Amino acid sequence: MKNKKLLKSNAATGDEPRQGREVGYVKQRDIVEEMTESYIDYAVSVIIARALPDIRDGLKPVHRRILYAMFEDGLTAGAKFRKSATVVGSCLGRYHPHGDQAVYDAAISLALSIDSWTRKYRFHR
Numbered sequence: 011m012k013n014k015k016l017l018k019s020n021a022a023t024g025d026e027p028r029q030g031r032e033v034g035y036v037k038q039r040d041i042v043e044e045m046t047e048s049y050i051d052y053a054v055s056v057i058i059a060r061a062l063p064d065i066r067d068g069l070k071p072v073h074r075r076i077l078y079a080m081f082e083d084g085l086t087a088g089a090k091f092r093k094s095a096t097v098v099g100s101c102l103g104r105y106h107p108h109g110d111q112a113v114y115d116a117a118i119s120l121a122l123s124i125d126s127w128t129r130k131y132r133f134h135r
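Numbered per this note's numbering, the sequence shown spans residues 11 to 135.
Keep in mind that the hints were calculated from the coordinates and are not lab data.
Fair warning: there could be bad hints in the mix.
Stated by the list, open to error - DEER-style ranges, computed between Cβ atoms: (1) Ala95 <-> Pro71: 55 to 63 Å; (2) Ala89 <-> Pro63: 24 to 32 Å; (3) Arg74 <-> Val54: 17 to 25 Å.
Everything numeric in this text was worked out from a predicted model, so none of it was measured.
A virtual CB, placed ideally from N, CA and C, is assigned to each residue, including glycine.
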């Protein structure tokens, strides 16, 4: 595999690359090898960023987006009932660039975890 030198040029003015203005090298690699390495890096990044709860509040990004969308819509403990589709649509439209089923499933898991927590640790007034 040969390495090709990249020379800096100014595309806007049409200047040709000049000797001595070396920027880096272009490495030729096997596509399977490159995709394998790049995909592993991407997968680890996604797992860390999306699938693991944050240590600060115990929420995944999708849960945090749902709660924030609900807060901005005024859906607090004393608010009127709203359909879950309203919450999902609000979250999708403003904060979550993924599918609606993922938001709906995350909202259900969030509600179930809050319900089980409140049953375990009942607050008395």
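Take a look at whether the Cβ-Cβ distance between Ala95 and Pro71 falls inside 55 to 63 Å.
violated (21 Å)
Outcome of range test on Cβ distance (Arg74, Val54; 17 to 25 Å)
Once the Cβ atoms are compared, 21 Å apart, the range 17 to 25 Å for Val54 and Arg74 holds.
Outcome for the supplied range 24 to 32 Å, where the beta carbon pair is Ala89 and Pro63
Holds, since Ala89 and Pro63 (Cβ atoms, about 26 Å apart) stay within the stated range.
In this structure, only the earlier hint numbered 1 is contradicted, and the remaining ones agree with it.
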